[in-house]
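Participant: Sequence:
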Amino acid sequence: MSHLKQKTVLVTGGTGSFGKKFISTILKSEVKKVIVFSRDELKQYEMAQEFTDSRLRFFIGDVRDKERLFRAFEGVDIVIHAAALKHVGVCEYNPFEAIKTNIHGAQNIIEAAIDRGVEKVIALSTDKAASPVNLYGATKLASDKLFVAANSYAGTKKTRFSVVRYGNVVGSRGSVVPFFKSIKDTGIIPITDERMTRFWITLTKGVQFVIDGLERMKGGEIFVPKIPSMNVMDLAKAIAPNCKVEFNGIRPGEKLHETMITEDDARRTVEYDDYYVIQPEFPWWDAAYTKDGKLLAEGFSYVSNTNDQWLSVEELRKLVAE
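Residue numbers (the numbering used here): 1 to 322.
Since the hints were derived computationally from the structure, they do not count as laboratory data.
Some clues are possibly wrong.
What the hints assert, rightly or not - Simulated pairs of lysine-lysine, DSS-like, Cα-Cα distance not exceeding 27 Å:
(1) Lys-318 <-> Lys-20
(2) Lys-226 <-> Lys-158
(3) Lys-100 <-> Lys-43
(4) Lys-157 <-> Lys-33
(5) Lys-255 <-> Lys-66
(6) Lys-218 <-> Lys-237
(7) Lys-294 <-> Lys-318
(8) Lys-218 <-> Lys-181
(9) Lys-33 <-> Lys-43
(10) Lys-21 <-> Lys-7
(11) Lys-205 <-> Lys-66
(12) Lys-181 <-> Lys-43
(13) Lys-100 <-> Lys-255
(14) Lys-7 <-> Lys-43
(15) Lys-66 <-> Lys-158
(16) Lys-255 <-> Lys-5
(17) Lys-20 <-> Lys-294
(18) Lys-181 <-> Lys-291
(19) Lys-5 <-> Lys-184
(20) Lys-237 <-> Lys-294
(21) Lys-218 <-> Lys-7
(22) Lys-28 <-> Lys-145
(23) Lys-43 <-> Lys-66
(24) Lys-255 <-> Lys-184
(25) Lys-205 <-> Lys-255
(26) Lys-100 <-> Lys-145
(27) Lys-145 <-> Lys-32
(28) Lys-43 <-> Lys-21
(29) Lys-20 <-> Lys-291
(30) Lys-181 <-> Lys-32
(31) Lys-7 <-> Lys-158
(32) Lys-184 <-> Lys-158
(33) Lys-181 <-> Lys-157
(34) Lys-32 <-> Lys-205
(35) Lys-181 <-> Lys-20
(36) Lys-21 <-> Lys-218
(37) Lys-28 <-> Lys-255
(38) Lys-184 <-> Lys-7
(39) Lys-181 <-> Lys-21
Remember, it's a predicted structure, so these values are computed and weren't measured experimentally.
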């Protein structure tokens, strides 16, 4: 993490699962200062009791408020944008609230970062942004497009923007793992569809992938890690093997399988040993920097049910225990 040495890093949504893990990780480096930017004072208070490092600062604010972001970004070198409305059902029934946070908030981040002279911005995305069928995914697709195009918007300014896209995070707040754990004593596990698959990544690996992205980025890339898939029935067996399964149907906005790279995106994607880079379609993009990567075969797509890496029941059980 030498690239963080004497840098000031701000994390939007810094009290969330990713934010807390990311911050605890980079505080082990020679980072100069870390700023938590979020709107929940209780979570900030609780986090301040847990983290006692003198380099940590707390800043109440909402990404919908550009003036507040402008104030918060003073002296900031790196921004990690993790704040979002992420619950699929909540976004379906409160669509414009999701738009205000996930899309308007993204543009506010971009404008404040450019005006304040931030060096690098990485925005966290989701597999739901690829061929979206729900509003959350649609807002994150729009957000991804904004952050990629922001490299043009910045003009001659030094600020560069990239995106990290990955799948479900094991055990994060709102994920299926804590939900299954909380109800397993009832003896019944509700499953939407036995065919359902998802990409899975641990919080530790997700954080490290973002840190690696900060070092790799030129500006404009969407970084996608190579991660395993899991079947929801295997997850139920791993968490509650003795429970009865009840099928209740796919919920509004849900897919059977998730996509991280569509067939159309694959035509401008470069493959590396453990990740992919979706390259921007802009004339300023210098594709020569990806010369060490491999172009993907015609017709390639990265989808959870056709993935070549899978988690077994035993592997899922270990991940859940961790």
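Participant: Compare the structure with each hint and give your call.
Facilitator: Taking the hints in turn, this is what the structure says about them:
For the hint pairing Lys-318 with Lys-20, the CA-to-CA distance comes to about 22 Å; that is within 27 Å, so the pair holds. For the hint pairing Lys-226 with Lys-158, the CA-to-CA distance comes to about 30 Å; that exceeds 27 Å, so the pair is violated. Proposed proximity of Lys-100 and Lys-43 is supported: the alpha carbons are some 22 Å apart, at most 27 Å. A C-alpha spacing of about 23 Å is found between Lys-157 and Lys-33, which places the hinted pair at or below 27 Å, so the restraint holds.
Proposed proximity of Lys-255 and Lys-66 is contradicted: the alpha carbons are some 34 Å apart, above 27 Å. The straight-line distance between the Cα atoms of Lys-218 and Lys-237 is roughly 43 Å, outside the 27 Å bound, and the hint therefore fails. In summary, the hint linking Lys-294 to Lys-318 is not supported, as the alpha carbons are separated by about 33 Å, beyond the 27 Å threshold. Using a Cα cut-off of 27 Å, the hinted pair Lys-218 and Lys-181 is violated, with the two alpha carbons roughly 41 Å apart.
A C-alpha spacing of about 20 Å is found between Lys-33 and Lys-43, which places the hinted pair at or below 27 Å, so the restraint holds. The suggested pairing of Lys-21 with Lys-7 holds, with an alpha-carbon distance near 18 Å, which does not exceed 27 Å. Restraint check for Lys-205 and Lys-66: the C-alpha separation of about 31 Å exceeds 27 Å, so the hint is violated. The straight-line distance between the Cα atoms of Lys-181 and Lys-43 is roughly 23 Å, inside the 27 Å bound, and the hint therefore holds.
Using a Cα cut-off of 27 Å, the hinted pair Lys-100 and Lys-255 holds, with the two alpha carbons roughly 24 Å apart. This hinted pair checks out: Lys-7 and Lys-43 have alpha carbons roughly 25 Å apart, not beyond 27 Å. For the hint linking Lys-66 to Lys-158, the alpha-carbon distance of about 20 Å falls within 27 Å, and the restraint holds. As the CA atoms of Lys-255 and Lys-5 are separated by approximately 42 Å, the hinted pair breaks the 27 Å bound.
Pair hint Lys-20 plus Lys-294 does not hold up; C-alpha atoms about 34 Å apart against a cutoff of 27 Å. A hinted pair counts as satisfied when its Cα atoms are at most 27 Å apart, and Lys-181 with Lys-291 does not qualify at roughly 46 Å. As the CA atoms of Lys-5 and Lys-184 are separated by approximately 45 Å, the hinted pair breaks the 27 Å bound. With a C-alpha separation of about 38 Å, the suggested pair Lys-237 and Lys-294 falls outside the 27 Å cut-off, and the hint is violated.
Taken as a hint, the Lys-218 and Lys-7 pair is honoured in the structure, with Cα atoms around 18 Å apart against an allowance of 27 Å. The hinted pair formed by Lys-28 and Lys-145 fails the criterion: a straight-line CA distance of about 33 Å is larger than 27 Å. Under the criterion of a C-alpha separation no larger than 27 Å, the hint pairing Lys-43 with Lys-66 is consistent with the structure, at around 22 Å. The hinted pair formed by Lys-255 and Lys-184 meets the criterion: a straight-line CA distance of about 24 Å does not exceed 27 Å.
For the given pair, Lys-205 sits about 24 Å from Lys-255 by alpha-carbon distance, which is consistent with the 27 Å threshold. With a C-alpha separation of about 16 Å, the suggested pair Lys-100 and Lys-145 falls inside the 27 Å cut-off, and the hint holds. Straight-line distance between C-alpha atoms of Lys-145 and Lys-32 comes to about 31 Å, which puts the hinted pair past the 27 Å bound. Taking the CA atoms of Lys-43 and Lys-21, the gap is near 14 Å; set against the 27 Å cutoff, the hint holds.
Among the hinted pairs, Lys-20 with Lys-291 is inconsistent with the structure: their alpha-carbon atoms are about 35 Å apart, more than 27 Å. Only pairs whose Cα atoms come within 27 Å are accepted, and Lys-181 paired with Lys-32 is rejected, the gap being roughly 39 Å. Between Lys-7 and Lys-158 the CA atoms are separated by roughly 15 Å; this keeps the pair inside 27 Å, and the hint holds. For the given pair, Lys-184 sits about 52 Å from Lys-158 by alpha-carbon distance, which is inconsistent with the 27 Å threshold.
For the suggested pair Lys-181 and Lys-157, the alpha carbons sit about 49 Å apart, so the restraint of at most 27 Å is broken. A hinted pair counts as satisfied when its Cα atoms are at most 27 Å apart, and Lys-32 with Lys-205 qualifies at roughly 23 Å. For the suggested pair Lys-181 and Lys-20, the alpha carbons sit about 22 Å apart, so the restraint of at most 27 Å is met. About 25 Å separates the Cα atoms of Lys-21 and Lys-218, which keeps this hinted pair within 27 Å; it holds.
Note on Lys-28 and Lys-255: the hinted pairing is violated, with a Cα-Cα distance of about 38 Å set against a maximum of 27 Å. Proposed proximity of Lys-184 and Lys-7 is contradicted: the alpha carbons are some 45 Å apart, above 27 Å. Pair hint Lys-181 plus Lys-21 holds up; C-alpha atoms about 21 Å apart against a cutoff of 27 Å.
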